[in-house]
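Note that the protein sequences, when read in sequence, are chains A and B.
Counting with the numbering used here, you get residues 1 to 467 for the letters of the first sequence.
Counting with the numbering used here, you get residues 1 to 467 for the letters of the second sequence.
Just so you know, not all the hints are guaranteed correct.
Pairs count within a copy or across copies, as identical chains cannot be separated in the list.
To be verified - The calculated EDC-like cross-link candidates involving lysine to aspartate or glutamate, where the alpha carbons are at most 20 Å apart (straight line), are: (1) K272 <-> D410; (2) K416 <-> D62; (3) K153 <-> D410; (4) K453 <-> D435; (5) K453 <-> E229; (6) K416 <-> E451; (7) K217 <-> E171; (8) K220 <-> D132; (9) K272 <-> D92; (10) K445 <-> E200; (11) K416 <-> E115; (12) K272 <-> E192; (13) K7 <-> E115; (14) K82 <-> D95; (15) K7 <-> D101; (16) K217 <-> E60; (17) K416 <-> D204; (18) K7 <-> D95; (19) K7 <-> E43; (20) K242 <-> D219; (21) K136 <-> D84; (22) K136 <-> D224.
These aren't lab readings, by the way, just hints derived from the structure by calculation.
2 protein chains.
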Amino acid sequence: MTQISTKPPSGMRDFLAPDLARRRHAIAVIRRVYESFGFAPLETPTIENLSTLLGKYGPEGDQLLYRILHRRERLARALEPKADGSRPTELDLADEGLRYDLTVPLARVVANYPELPAFYKRYQIQPVWRADRPAKGRFREFFQCDVDVCGTKSLVAEAEVCGAVATVLLELGFAKPGQPAGSFRILVNHRELLRAMVAEAGIDAALEGVALIALDKLDKIGADGVLAELVAKGIGAGAAAKLLEVLAAARAPGFLAARAGAATRPGSAAAKELVELLAIAAAGPAGPHLAFDPTLARGLSYYTGPIFEIAVDGLAGSMGGGGRYDGLIGMFTKRQIPAVGFSLGLERVLLVMEERGMFPPLATGPELLLCRFPDVSAADAIRVATQLRAERIRPDGARERGLRVELFADAPAIGKQLQYANAIGAPFAGLLGSDELAQQSLTLKKLATGEQKTLPLAAVAASVRSG
Amino acid sequence: MTQISTKPPSGMRDFLAPDLARRRHAIAVIRRVYESFGFAPLETPTIENLSTLLGKYGPEGDQLLYRILHRRERLARALEPKADGSRPTELDLADEGLRYDLTVPLARVVANYPELPAFYKRYQIQPVWRADRPAKGRFREFFQCDVDVCGTKSLVAEAEVCGAVATVLLELGFAKPGQPAGSFRILVNHRELLRAMVAEAGIDAALEGVALIALDKLDKIGADGVLAELVAKGIGAGAAAKLLEVLAAARAPGFLAARAGAATRPGSAAAKELVELLAIAAAGPAGPHLAFDPTLARGLSYYTGPIFEIAVDGLAGSMGGGGRYDGLIGMFTKRQIPAVGFSLGLERVLLVMEERGMFPPLATGPELLLCRFPDVSAADAIRVATQLRAERIRPDGARERGLRVELFADAPAIGKQLQYANAIGAPFAGLLGSDELAQQSLTLKKLATGEQKTLPLAAVAASVRSG
Chain A
1 MTQISTKPPS GMRDFLAPDL ARRRHAIAVI RRVYESFGFA PLETPTIENL
51 STLLGKYGPE GDQLLYRILH RRERLARALE PKADGSRPTE LDLADEGLRY
101 DLTVPLARVV ANYPELPAFY KRYQIQPVWR ADRPAKGRFR EFFQCDVDVC
151 GTKSLVAEAE VCGAVATVLL ELGFAKPGQP AGSFRILVNH RELLRAMVAE
201 AGIDAALEGV ALIALDKLDK IGADGVLAEL VAKGIGAGAA AKLLEVLAAA
251 RAPGFLAARA GAATRPGSAA AKELVELLAI AAAGPAGPHL AFDPTLARGL
301 SYYTGPIFEI AVDGLAGSMG GGGRYDGLIG MFTKRQIPAV GFSLGLERVL
351 LVMEERGMFP PLATGPELLL CRFPDVSAAD AIRVATQLRA ERIRPDGARE
401 RGLRVELFAD APAIGKQLQY ANAIGAPFAG LLGSDELAQQ SLTLKKLATG
451 EQKTLPLAAV AASVRSG
Chain B
1 MTQISTKPPS GMRDFLAPDL ARRRHAIAVI RRVYESFGFA PLETPTIENL
51 STLLGKYGPE GDQLLYRILH RRERLARALE PKADGSRPTE LDLADEGLRY
101 DLTVPLARVV ANYPELPAFY KRYQIQPVWR ADRPAKGRFR EFFQCDVDVC
151 GTKSLVAEAE VCGAVATVLL ELGFAKPGQP AGSFRILVNH RELLRAMVAE
201 AGIDAALEGV ALIALDKLDK IGADGVLAEL VAKGIGAGAA AKLLEVLAAA
251 RAPGFLAARA GAATRPGSAA AKELVELLAI AAAGPAGPHL AFDPTLARGL
301 SYYTGPIFEI AVDGLAGSMG GGGRYDGLIG MFTKRQIPAV GFSLGLERVL
351 LVMEERGMFP PLATGPELLL CRFPDVSAAD AIRVATQLRA ERIRPDGARE
401 RGLRVELFAD APAIGKQLQY ANAIGAPFAG LLGSDELAQQ SLTLKKLATG
451 EQKTLPLAAV AASVRSG
């Protein structure tokens with residue numbers, strides 16, 4: 001029998017305890033902040049019907065979907081020879097797939113549960129799957145941390161999702177509150193303004209989608225790369241150059257205000273919305289971090305209004321993004337429900353935190369390894385471990401959490417047990433012999449210094465906690 | 001365009017806020033208890049290579065795997081006509097599948113990371129997927145909560161996983177500590193003892209596997225059902241009846257001790273292990289809940305030693321189970337590594353807790369809806385919301401958590417905003433007019449009683465928390 005590979009599949013990862021400590025730290029902060037903004041939690045299934053997923057992300061997205069193979073009779077039927085000799089298609093072989101983002105499942109949920117509040121604010125922190133080419137920092141299974149507001153066109157919703165994401169980054173330590181930006185920026189643009197620019201460059205409206213997809217790669221492939229892709233997609237070289245030109249001109253100070261004031265020019269209403277959004281959001285935590293970026297495009301096809309992206313100095317690509325998508329929910333229900341959201345990419349956040357040493361000390365693993373001498377039975381060791389793990393009510397009435405205790409399963413020489421305590425990084429070992437047992441006590445050994453003392457069992461937890 | 005279905009796929013569920021509050025309550029207790037026993041967290045990818053999964057669960061398990069359809073070139077190649085005219089098989093069309101349990105991924109991980117401790121104790125709380133026929137309380141995506149000890153044959157490991165699971169059930173309120181059992185039992189048996197019984201009944205060793213699968217259904221289909229299935233699987237009616245007879249006889253008090261003492265009889269060593277295990281485990285939290293059940297079989301094929309199952313009065317089927325599997329990790333590595341584990345089924349736990357009203361009050365959703373009068377700008381409302389959400393340092397130096405605040409996005413008549421506060425179940429509304437704004441205050445309205453008072457902003461959080 002050949003040895004089975006023990007690696008996880010390409011682009012996927014196992015998370016051991018130290019990884020999980022860092023992930024859970026970040027997730028706990030994100031969850032707390034999102035809840036403080038009044039967002040309610042949602043979790044949706046890993047698997048969705050393909051009818052839910054297809055046609056929402058654009059053709060590139062559809063190609064990256066993981067699809068679930070039919071089983072038994074349905075698979076057999078799909079594989080039966082066809083009258084015209086054609087081969088089965090992907091749609092013959094599968095009608096379910098894995099979640100590709102958290103926004104489309106949200107749209108389905110809003111359509112499915114009329115009992116949800118009229119202004120449904122939800123957050124969702126779950127993995128998504130994309131069969132993309134794996135690369136450094138790009139995985140096929142990765143976590144998104146989304147906040148969305150459904151049911152209102154008010155720009156307060158935009159300001160709130162930007163504020164929530166900014167607060168997360170502040171609380172994770174990306175910048176100190178009140179400091180004028182620097183370490184992260186929330187770039188803002190508007191799909192209607194982009195549309196006006198594309199028209200201004202003389203690009204046919206039918207090519208607007210491909211123009212935006214090319215533009216979205218600006219920070220990856222540069223202006224020359226974007227020009228080449230625009231031309232490759234059938235846009236004239238003159239129009240392509242003109243597009244980059246009008247976008248560059250839009251970087252001039254005062255551009256937004258001027259365009260907002262020019263009521264007859266295309267994109268004027270969008271510019272006005274951006275001016276208003278920047279003013280409202282500036283009152284919240286996102287304030288100093290917001291910046292208008294006329295070249296920001298976002299790759300997904302469902303955005304209709306303001307769009308956002310987080311830029312961090314030194315990080316290629318973004319740490320998250322979002323925008324308004326007033327048409328998506330209407331693809332699932334006859335009611336037209338406007339919505340706006342922001343998605344943080346957990347792995348990008350963790351990558352930067354790791355590189356910059358932003359994690360606080362994270363205690364994991366057992367606080368004490370319980371070692372027994374051969375004169376103590378397994379049953380007695382279990383009895384003592386049970387006591388140490390239990391919550392205690394102290395004489396003053398306060399509750400004291402029990403310890404995280406690992407019990408060494410066998411009773412080899414104590415030296416060997418202590419070696420293991422060091423190997424797993426336990427800060428303390430508890431030595432249990434028949435004397436300790438008789439006196440309801442434990443000899444506590446601090447592994448870093450070797451010092452040891454014998455204590456009543458009831459005093460062990462407090463002593464371990466005081467270090 | 002036909003309307004897309006907005007339901008989740010068959011056997012899958014969306015979890016809205018109240019569901020999640022219950023699930024997270026249970027998961028938090030499980031995680032805390034597992035960590036108190038010294039188990040380290042692990043998370044593995046949703047997708048595994050099929051070579052990892054196939055052949056571990058028995059033929060029924062293999063059939064229930066979700067498989068991922070190949071994409072693009074690999075799919076095209078798989079669908080090319082074959083020289084012998086045969087159709088493509090499942091293995092031609094897929095080489096990845098979804099996680100079916102948490103034990104096989106653990107075995108792969110232990111084989112893959114030699115840096116793990118020699119006695120690797122891990123817990124894992126993640127969903128698994130089985131393409132089973134959905135039924136009441138049976139889902140295709142469901143959570144398992146596993147603890148396993150790898151690297152030792154000591155029965156202390158069995159006692160510890162039983163102790164951890166028993167502590168979870170005690171802390172969730174299934175029974176009071178010290179109370180003599182009653183509301184849940186941990187049934188214990190041994191695969192080697194079952195093997196001896198099967199031989200004693202005169203059943204061919206080659207049919208042992210199918211005999212155990214039939215026996216595993218005893219509580220679902222009764223003795224007659226098991227007899228019929230045994231005969232259908234090719235076991236003689238006489239031997240089938242004899243099997244149930246010897247198992248019934250094993251229920252007699254003193255059976256285990258007698259068999260443990262009869263060193264020459266098959267199953268004697270296994271009986272001895274069970275006697276010892278029951279004695280050791282009795283010293284821990286599982287103590288009063290443990291019971292030997294000679295008919296307990298467990299469906300999975302990888303068990304080799306003691307096996308467990310949780311029985312709860314009034315619940316058809318089990319709430320979890322586990323056992324020793326000393327051969328599984330060796331399927332992934334040349335090292336033979338013994339292991340034992342216990343798996344709690346989260347949905348079963350929640351089902352019983354729901355039916356028995358065992359959940360404490362779980363606060364979710366915003367604590368305050370911030371409503372503004374038309375004379376207050378959106379920017380000013382955001383400024384106040386930001387203050388209410390922020391952690392505060394009180395004059396006495398103590399830290400006070402910020403409030404969970406939803407900001408009403410628009411400014412319609414206050415009555416409408418209050419209506420919405422009631423609809424989402426917010427306990428308080430904060431009314432913000434230009435007077436409040438000028439005085440850095442807020443008018444706090446308790447929605448249950450209608451009483452309202454105007455307070456300095458800095459005093460709002462404390463007032464909301466005091467109810």
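To see whether the hints hold, each was checked on the structure:
1. K272 <-> D410: between (73 Å within a copy, 18 Å between copies)
2. K416 <-> D62: neither (56 Å within a copy, 42 Å between copies)
3. K153 <-> D410: between (65 Å within a copy, 9 Å between copies)
4. K453 <-> D435: within (13 Å within a copy, 64 Å between copies)
5. K453 <-> E229: Neither: 72 Å inside a chain and 62 Å across chains, both beyond 20 Å.
6. K416 <-> E451: within (18 Å within a copy, 67 Å between copies)
7. K217 <-> E171: neither (30 Å within a copy, 53 Å between copies)
8. K220 <-> D132: Answer is within: at 16 Å inside a copy they meet the 20 Å cutoff, but 45 Å across does not.
9. K272 <-> D92: neither (48 Å within a copy, 56 Å between copies)
10. K445 <-> E200: neither (75 Å within a copy, 52 Å between copies)
11. K416 <-> E115: between (61 Å within a copy, 18 Å between copies)
12. K272 <-> E192: within (11 Å within a copy, 77 Å between copies)
13. K7 <-> E115: between (44 Å within a copy, 14 Å between copies)
14. K82 <-> D95: So K82 and D95 pass the 20 Å test inside one copy only (19 Å; across, 25 Å).
15. K7 <-> D101: between (25 Å within a copy, 17 Å between copies)
16. K217 <-> E60: within (14 Å within a copy, 48 Å between copies)
17. K416 <-> D204: neither (76 Å within a copy, 45 Å between copies)
18. K7 <-> D95: between (29 Å within a copy, 14 Å between copies)
19. K7 <-> E43: Between copies only: 14 Å across, 28 Å inside.
20. K242 <-> D219: within (18 Å within a copy, 76 Å between copies)
21. K136 <-> D84: neither (45 Å within a copy, 43 Å between copies)
22. K136 <-> D224: neither (24 Å within a copy, 59 Å between copies)
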